[in-house]
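Be aware that the sequence shown starts at 1, since it is given in this note's numbering, and climbs by one per residue.
Just to be clear, a hint being listed does not mean it is correct.
Derived DSS-like pairs: lysine-lysine, alpha-carbon spacing no greater than 30 Å straight-line [what the hints assert, rightly or not]: (1) Lys-115 / Lys-128; (2) Lys-115 / Lys-127; (3) Lys-65 / Lys-77; (4) Lys-60 / Lys-77.
To be clear, the hints were calculated from the coordinates, so they are not data collected in a lab.
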Amino acid sequence: MKLNTLNEDVENTTFSKSDYSEYWEHLRTQWNDAAGRGVNTREMTPLLTTYDELLEQNVKVTQVKERCAEHFEQLQKLLNQAAHHDEQFTDMMSLLSNQSQERDRTLRTSENMAKQVEEQQKSVAAKKQAANSHVKPI
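Make the full structure from the sequences, and use the hints.
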């Protein structure tokens, strides 16, 4: 869209120059006296030279605008990629957090089961000792 606008500006400027030149050519043909030709030579040539320089500067400005548009497009792509990477990072951190919580739950469950086994072993040992206390050694 921006490039189309810039190209239209260049076309309009080029058309303006040709229109401007045709207008002055028409005036020159109407001026038949030497003074008119003198005015044309003295005034028109520097004016056309200045207008050519203006057109060259306009082309340079258009080229700079095109490069800026390309750089902004590239920047937009990079920002989209950065957003995608940030999203992936957030997803990975969420997954890591879930795995950490699961590991903590498993560790607590394992510790609780170890305590239950210890208590059961103590209970079995106490029962065994109680059962052995009724039996007299031979």
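Worksheet item: Which hint numbers doesn't this structure obey?
Response: Violated: none.
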